[in-house]
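> Given next are the chains, with one letter for each unit.
There are 2 protein chains.
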Amino acid sequence: MKQVVLKHKLDAAPKASDFMIMNADMPDCPDGGVLVKVKFVSIDPYVGHQLSKGHMASPPPKPKTDVIPGGIVGEVVESQSKKVKKGDFIHSMDGGWVEYLALHEDQFMKIDPRAAPLSAYVGVLGMPGLTAWSGVTQLARVREGDVFAVNAAAGPVGGTAGQIARMKGARTVIGIAGGATKCQLVEETYGFDRCVDYKSDSWQADYKAAAPDGVSVHYENVGSDQLSFAMQNLQLYGRVVLCGLAAHYHESDPAMTMIGPIVGKRAVVSGLVVYDFYSRWEEFRSEMAPWVKSGDIKFVEDRISGLENAGTLMEKLMNGRNVGKCVVAL
Amino acid sequence: MKQVVLKHKLDAAPKASDFMIMNADMPDCPDGGVLVKVKFVSIDPYVGHQLSKGHMASPPPKPKTDVIPGGIVGEVVESQSKKVKKGDFIHSMDGGWVEYLALHEDQFMKIDPRAAPLSAYVGVLGMPGLTAWSGVTQLARVREGDVFAVNAAAGPVGGTAGQIARMKGARTVIGIAGGATKCQLVEETYGFDRCVDYKSDSWQADYKAAAPDGVSVHYENVGSDQLSFAMQNLQLYGRVVLCGLAAHYHESDPAMTMIGPIVGKRAVVSGLVVYDFYSRWEEFRSEMAPWVKSGDIKFVEDRISGLENAGTLMEKLMNGRNVGKCVVAL
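Chains as they are written, first to last, in my numbering: chain A, 1 to 330; chain B, 1 to 330.
Note that these hints are calculated values from the structure, not bench results.
Be a bit skeptical, because a hint or two may be false.
Repeated chains share a single entry, so a pair holds when one copy, or any two copies, can fit it.
Said to hold, decoys possible - Mimicking DSS-like on lysine-lysine, the simulated pairs with C-alpha atoms at most 27 angstroms apart in a straight line are: (1) Lys110 x Lys37; (2) Lys208 x Lys53; (3) Lys53 x Lys7; (4) Lys37 x Lys199; (5) Lys53 x Lys265; (6) Lys208 x Lys2; (7) Lys85 x Lys9; (8) Lys9 x Lys298; (9) Lys265 x Lys2.
Just so we're clear, the structure is a prediction, and the values are computed from it rather than from any experiment.
Construct the entire structure; sequences and hints are all you get.
Below is the structure:
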């Protein structure tokens, strides 16, 4: 079977040419576990970060041996678990860029292929969706009348966060994204009230025009100037979810932000790590899947076929040229 | 009667030579209000900030006309209010550096001179105490087992915050202060477990030795490197109260801090402005006054006599050479 590995140690954001494909032995089905044929591999920013710097407790994968990590959707080809039988579909956060995967019983969840398209389980119903849902409903507790803003709004976390905020009663939903194509997606497909293009010279004025009385909830995926600007435009008692700091992932200087407004606005700033919400997968999916099925919440994929092209999609994601959730179909 | 004004507009922290004393007409007792003889004037860092830069909604006082603002304790010399009679004592946040003051009924609270020494009502039972109490009990909600740290720990906010945290069950209480005299006060009088001298080269190592497993609640009065360091030493799910940013008050660059740890630690950072808790004066004083009377909570004053010396005490405070709450006795 095929798997993707790094050619060498990275010291910057990964490019397509940093990866190579190699053959490996098919794994055996573990006692009590499953053997899975991978159908979709999720390509995520946190993996890009991990490949060069490591991520939380995980060091970067070793070149030429360690499989590149990533969430997957797969079909069970052999089962020694009572949770699933052959032909069932599963989602796992312990997957990677491989054709076949052996998983222990605590490493996967059964998913329902009739409730939503399979690939949605690594996107709007997967980790990016859980990240958006946790920040909006559990940390910021968005409610009727909130003015909600989120950056990287064309991405699967930001785009989903804004739509969930709308479902929870937000009066105004504002996105920030880079470029006209992304802003069009955010406004026309995701249905935000306004998407501000931060590559435009007028983006700060555009943002203020969209939220003349300030923002009551800001969901941060970027950091840098965008965060300091957001802090200054909070309403009194504003809530800020600090989720991603993508602008800083491949910098050596630590990410910094303005703190005066946190005091002046009596803001509450909460750090979000999605791992904390892994006990809530079922609750999250039971709320989200009907919204996805009804079309209340939309998602967009930047899809490529074939493991050998996974690196190309990762490079595109690292350069911010993707539109929608990056996913590799096998 | 005498009052203190600025000689000129300030563009830096106030010095003793920036103030002058002048004569003014005695005010009349307002309808429904009181005329008060000032007994104690509070000298606070926020006033120092206001004198050069303005503060929140208030511009700096105009030189040679506007009285320097400050909390006061006074004795009622004439009353047209049903709240108090002649000879009663009151606390007001709308006072200033003057001998006599006219106050409307909503500008003062009656205080009990038997419950605590009068000057405590501008200190441990005044705004600094309310600031400490609000952050510890209402925002951070310190509870049994917390590891609590606070900087500017020799000051009336920091020193009181640590003692309230102890009363609320904190397992370890750590202070940060500048110099051996202040650290001795914090450990020996306020009874903190440890006070780290940030002027020592080893302060970061000393802090880590005092809290080897990190801090669950950090109460910030300073900003700058001390805050970034505290962020890095939080426990998972740590709570941070952002109260004062004294290191930045007279700087033109905005205060910045490291944000990566907020995400990584899943911290919650809350901005505190004590005005929000002015509706809680009675609740605060009814909890604190018995602790002060019993000696469970200690306070220390840096006291000077005579309005003409108020500027000298302000300069001492601005230079961080004060030890304890700065108060002028008239």
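> For every hint, state whether the structure bears it out.
How the hints compare with the structure:
1. Lys110 x Lys37: So Lys110 and Lys37 pass the 27 angstroms test inside one copy only (14 angstroms; across, 76 angstroms).
2. Lys208 x Lys53: between (36 angstroms within a copy, 26 angstroms between copies)
3. Lys53 x Lys7: within (16 angstroms within a copy, 57 angstroms between copies)
4. Lys37 x Lys199: neither (41 angstroms within a copy, 61 angstroms between copies)
5. Lys53 x Lys265: Intra 35 angstroms, inter 18 angstroms, cutoff 27 angstroms: inter-copy only.
6. Lys208 x Lys2: neither (50 angstroms within a copy, 48 angstroms between copies)
7. Lys85 x Lys9: For Lys85 and Lys9, the Cα distance exceeds 27 angstroms both inside one copy (39 angstroms) and across copies (80 angstroms).
8. Lys9 x Lys298: Neither. Shortest intra-copy (38 angstroms) and inter-copy (58 angstroms) distances fail the 27 angstroms Cα cut-off.
9. Lys265 x Lys2: neither (53 angstroms within a copy, 37 angstroms between copies)
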